[in-house]
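Enquirer: As a plain string of letters, each chain reads:
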Amino acid sequence: MIKKTSGSSGRLFQLSIVLLCLILTAVKAEAFCGFYVAKADASLFNKASQVVLVRDGDRTVITMANDFQGEPREFAMVVPVPTFIGEDQIKVVNKALIDHVDSYTAPRLAEYYDASPCVSYRILRETSVRLDGMSISDEFEAGPAENFGVRVEAEYTVGEYDIKILSAKESDGLESWLRQNGYKIPNGATEVLSSYIKQKVRFFVAKVNLEQQSAMGFNYLRPLQISFSSPKFMLPIRLGTVNADGPQDLFVYALTRKGRVETTNYRTVKLPTGNEIPPYVTTEFDAFYTSMFDRLVERENMRAVFLEYAWNMNFKCDPCVGMPLAAADLRELGVDWLQLSANGMGRMDYFITRLHVRYDAETFPQDLMFQETADNSNFQGRYVIRHPWQGNDTCEAARDYRITLRTRQEEEARMLAAMTGWDISVIRNRSGIGQSTEFRERSKERSWWDDIRNWFSGD
Amino acid sequence: MRLTEIQQRLRTSDPRYFQIASLSLLTIYGIVELDVEVQLQWAGLILIACLLTQWLCTRLFKLPTFEPRSALISGLSLCLLLRSNAWELVILAAVVTIASKFVLRWRGRHIFNPTNFGIVVLLLLSDQVWVSPGQWGSAALLGMFALCLGALVVRRAERSDVTYAFLTFYGLLVFGRAWWLGDSWAIPLHHLQSGAFIIFSFFMISDPKTTPDSRAGRILYALLVAFGAAYVHFVLYQPNGMMYALVASAALVPLINVLLPGRPFEWRVRAVQSGSLPLRQRQVRFTLGNQV
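Just so you know, the protein sequences line up as chains A and B, in that order.
Mind the numbering: the first sequence is residues 218 to 676 in the numbering used here, read in order.
Mind the numbering: the second sequence is residues 17 to 308 in the numbering used here, read in order.
Since the hints were made in silico from the structure, they are not lab data.
One or more of the hints may lead you astray.
Computed footprint of chain A on chain B; a stretch qualifies when at least three of its residues, placed anywhere within it, have a C-beta under 8 Å from a C-beta of chain A [unchecked claim]:
no.: 1; segment: 39–45
no.: 2; segment: 95–101
no.: 3; segment: 127–141
Examples of chain B residues lying across from chain A (beta carbon under 7 Å, computed) [claimed, not checked]:
no.: 4; residue: E49
no.: 5; residue: I203
no.: 6; residue: H206
no.: 7; residue: Q209
no.: 8; residue: G244
no.: 9; residue: A246
no.: 10; residue: Y253
Note that the structure is predicted; figures quoted are calculated from it, not measured.
Note that the Cβ used here is the ideal one computed from N, Cα and C, for glycine as well.
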């Protein structure tokens, strides 16, 4: 009897929130998107790379971000590229651009405050995590140059980088050349380099030009961008797995015309979304996200790529964790097909896909191959926090509310435990909901229908 | 005694029931376990569209009986492979798939595997459909599951030679390429462990109605499909190589049948009912072979 009453009032309450949202949307769409309150600046994933991948037909623009922390003179990168890259196809872009794409697409937390069941109002806040930390580098020592059958097809200085485009006939020669020229090539790279050479791949190699860097005054390394035309829609990850001590994380932000990007040679799995979790997670959202991600990776035996965000940019974000990319920023990243007016207004006919993959040589033996699908439906990793109402009112609705609240809090705790693998008793303590006798009694009254519903809703 | 009776029954029953059961299981596994974008309502839409088209075409072409089994197989294969957000395109795919059996015929038989044809036509006509080859994952478990079910299906459908020949040729190409590149065996193994590849090898290429009549012809056919698929994948760097290669090779089947003639295939049950002697003989031989 009690359950019946509480269920219907709970539904009524949810319905009222939905209705209120609809009203707010109609009145002021911007407000509904909410506003950005905080971001976690901590480096969440230690060995992570970030790549913005713009693809339009055969044209590809890859922007590779790194926040290499060591001495700039020790920085070097080797990237297999499918074609020759001319100087005008290389750019150095502002790191803030990638940070912007990252924060815009990051999994988000939507906070709701339960209204007084006696009076209705609602506040919405969002928090997002920002991802930092990447290193695609090899140490190097300067030494005398020798040929080794390697052809330096071109040499450029772009921004703070000295860049060479190499082609080679033998992997041994290339390896020796790279070592001679200060690129520390890990043992075991020969096999991978040889495979790339036979596939007629060229190598884009970059080091920091210290003079240029000090002249420019940057104290960090800006992302490098290359553009080329090739039917290959892929990212080479094999070289990076050769000497990796443990799995690495890679974030791919794909910007395309039509729809969601997915991997064709690995499963692409959506992040769980829409789950309600205890309010205390607000202050620990990064820990929640990393634990949840660890668990997902474990569940998929580290053999899947995760879809964290997919959004048709003609739709408003909901909830927003920042401003959408400006037209100039999009052009800078390689999105050049938008028909925008001089003031940057017009249709935003592009689609963002955020993929997150944790990989090592064993579980991801092949490079990542992509395809753009026609799926332009929106998806986001979004988690919901509902702060309980703390009032003292004693109206009938308030009594019903207090009855349902306890069940809801327990469900939130269980959801969090299931998603993150955290200890349920710790979660209960942190949420301030010890396993009371009253609850145990009432939980026995849960019907088979509740169990089925819970099973479908996540755990 | 009872077991042998059941076995006997299974052997003489229409192998398409096994196919329907296997494909249904895979579809359900896809929906429930893999969370692929096959939704129950879409699967229903495809199946209804396939059956309706089959029924309409049966009336239109004045065929004596409505045959839902093959239409169901085509529909289930579509559910497993085709993805789109536009319901009208999904229905169009179902219509093209089934209608192709009635329209594109040569010497009394349809030319293309219906599902394969429907998917390729839609892929070429519209940019709003796609095939997700990676969505079936590389889990060895799924591979084995599909393999076992698939093996059963092709053995029952009596055209297992195409599948085995294709697996051999394509395997040789993929492993040969890895050997030439000096890649570790993990790469070709990963390539072949794809669920989509297994579904294709065991459920599509083996379609007995569209494969050449003679064994030599079928082996040549498998070779063509394998080379075509590898060409699209490794040279053109495009997805869905197998789909395109199968359509192109199927168009050559009439020519292969002229060059390497053989006995046309009929579904066994219908053959028994119509009293076709050669097929009845084959059925008996098949049964005896299994008993020995």
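Enquirer: Next, verify each hint and record whether it holds.
Expert: Evaluation of the provided hints:
With 0 residues having a beta carbon nearer than 8 Å to a beta carbon of chain A, the segment 39–45 of chain B misses the requirement of three or more and the stated coverage is violated. For the segment 95–101 of chain B, the proposed coverage by chain A is satisfied: 3 residues have a C-beta within less than 8 Å of a C-beta in that chain, meeting the threshold of three. For the segment 127–141 of chain B, the assignment as covered by chain A is violated, since 0 residues bring a beta-carbon within under 8 Å of that chain's beta-carbons and 3 are needed. Residue-level restraint check for E49/B is violated (minimum Cβ-Cβ distance to chain A is 12 Å; threshold 7 Å).
Below 7 Å, beta-carbon pairs count as interface contacts, and I203/B has one with chain A at about 5 Å; its hint therefore holds. Using the Cβ-Cβ criterion of 7 Å, the hint placing H206/B at the interface with chain A is satisfied: the shortest such distance is roughly 5 Å. About 10 Å separates the beta-carbon of Q209/B from the nearest beta-carbon of chain A, more than 7 Å, and the hint is not met. Among the interface hints, the one on G244/B is violated; its C-beta lies about 17 Å from the nearest C-beta in chain A, farther than the 7 Å criterion.
Violation of the interface hint for A246/B is found here, the shortest Cβ-Cβ separation to chain A being roughly 14 Å, above the 7 Å cut-off. A cut of 7 Å between beta carbons decides the hint on Y253/B: the least distance to chain A is about 4 Å, and the hint holds.
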